[in-house]
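K.L.:
As given, the protein sequences belong to chains L and U, one line each in that order. FYI, the numbering for the first sequence is 89 to 290, going by our numbering. FYI, the numbering for the second sequence is 89 to 290, going by our numbering.
Hint data in this document are derived by calculation from the structure and do not stem from the laboratory. A portion of the hints provided could be inaccurate.
Since the list gives no way to pick one copy over another, a pair counts as held whenever it fits inside one copy or between any two copies.
[Stated by the list, open to error] Subject to a maximum C-alpha distance of 20 Å in a straight line, what follows is the list of computed SDA-like cross-link-like pairs (lysine to any residue):
1. 214 - 239
2. 107 - 117
3. 214 - 122
4. 107 - 139
5. 187 - 106
Remember, predicted model here, so these are calculated numbers, not experimental data.
Protein chains: 2
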Amino acid sequence: MSQQVIPQALERLILDLTKLPGIGKKTASRLALTILRRPAGEARELAGALADLHSSIQLCSCCFTFSENDPCAICADYKRDASLICVVEQPGDLIAIEKAGNYLGHYHILHGVLAPMDGIGPNEIKIRELEARLSTNKIKEVFIATSSTVPGEATANYLIDRLLNRSILVTRLACGIPMGMDIKYADKHTLARAIASRSKTT
Amino acid sequence: MSQQVIPQALERLILDLTKLPGIGKKTASRLALTILRRPAGEARELAGALADLHSSIQLCSCCFTFSENDPCAICADYKRDASLICVVEQPGDLIAIEKAGNYLGHYHILHGVLAPMDGIGPNEIKIRELEARLSTNKIKEVFIATSSTVPGEATANYLIDRLLNRSILVTRLACGIPMGMDIKYADKHTLARAIASRSKTT
Numbered sequence: 089m090s091q092q093v094i095p096q097a098l099e100r101l102i103l104d105l106t107k108l109p110g111i112g113k114k115t116a117s118r119l120a121l122t123i124l125r126r127p128a129g130e131a132r133e134l135a136g137a138l139a140d141l142h143s144s145i146q147l148c149s150c151c152f153t154f155s156e157n158d159p160c161a162i163c164a165d166y167k168r169d170a171s172l173i174c175v176v177e178q179p180g181d182l183i184a185i186e187k188a189g190n191y192l193g194h195y196h197i198l199h200g201v202l203a204p205m206d207g208i209g210p211n212e213i214k215i216r217e218l219e220a221r222l223s224t225n226k227i228k229e230v231f232i233a234t235s236s237t238v239p240g241e242a243t244a245n246y247l248i249d250r251l252l253n254r255s256i257l258v259t260r261l262a263c264g265i266p267m268g269m270d271i272k273y274a275d276k277h278t279l280a281r282a283i284a285s286r287s288k289t290t
Numbered sequence: 089m090s091q092q093v094i095p096q097a098l099e100r101l102i103l104d105l106t107k108l109p110g111i112g113k114k115t116a117s118r119l120a121l122t123i124l125r126r127p128a129g130e131a132r133e134l135a136g137a138l139a140d141l142h143s144s145i146q147l148c149s150c151c152f153t154f155s156e157n158d159p160c161a162i163c164a165d166y167k168r169d170a171s172l173i174c175v176v177e178q179p180g181d182l183i184a185i186e187k188a189g190n191y192l193g194h195y196h197i198l199h200g201v202l203a204p205m206d207g208i209g210p211n212e213i214k215i216r217e218l219e220a221r222l223s224t225n226k227i228k229e230v231f232i233a234t235s236s237t238v239p240g241e242a243t244a245n246y247l248i249d250r251l252l253n254r255s256i257l258v259t260r261l262a263c264g265i266p267m268g269m270d271i272k273y274a275d276k277h278t279l280a281r282a283i284a285s286r287s288k289t290t
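Assemble the whole structure, with the sequences as input and the hints as a guide.
P.N.:
Put into structure tokens, the structure is as follows:
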């Protein structure tokens, strides 16, 4: 195939799009061709949104979530329970928990999980910052909500160990059968965890 | 969920991304959060690629593919067979055929298929432009390579009818079993077409 068949500007966009997670070469081509077929204004709008992203968003200096203000809306909300901190891996996890709608404490974003093989130890994620918050503020409960993956669990266990000597309640997100799921289709590890964590009905 | 949990600039990017085909709200959130986590330079590069797209790419005035030059590299290539025109729906189809590597004629991009229910008739796609090319140039063969979908087939059949009275050979892309496919897994329509189009082996 002769090199010039795909215009350079299109090749560039396709290449940039393939750097995003879950976007392969075929999807990137399809997206780029769609953008090209549509009015130039739509591409400019998307370009503007991308260009503005980093300049208008920073990390909250308290909980380290992405925010336009510092402190973020959650840290600044006096109606929320400041004695309760939910520890999550990424800002996306905070958004998911906020959507659940029944958590009214504060957050702490680790910005990663422990991954010794990739050189990510306790100092590479925001664990010291969490301890600093625990030392200065009146925190009663640290609620660990890392993902139920191997690195997420390892990070949770490391945190539990590290928080052991403080007089703070440490809790974890419950694991079990997803709502609405037929137990026939639950994987055996989830089912084993749900059985071990079975709760009283009264 | 309080409105301010997702920064406005992030919301805007998520909304813009969901306008792309195959990108739902969850995928858009994942992409936007990934872009935000990565260095600002990557977002600026992608923004630049998007902003440059329409300004540096136009339609070739001969075959109507996307190109940085007019005529495009294919129309300008004197080594290609100018008496043979391959008719495709979209520029992406041209790229796919070029990748196959064994077609050495010219192209004509229809920029759509006939879809009377959506108000797309023969005048809405580049059929008159194709006829204009057939009238002025020495075209010997029109090779119809629209998709093997209902509207693609309908467009092909319409073109065949419309080109009937010209002394031009009209050919179509062969339909059959994909290379490497076990016929057990081929759908019955494809198999029926492959049987009807069976070819001599000598």
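K.L.:
Hints numbered earlier in the text: which of these fail when held up against the supplied structure?
P.N.:
none
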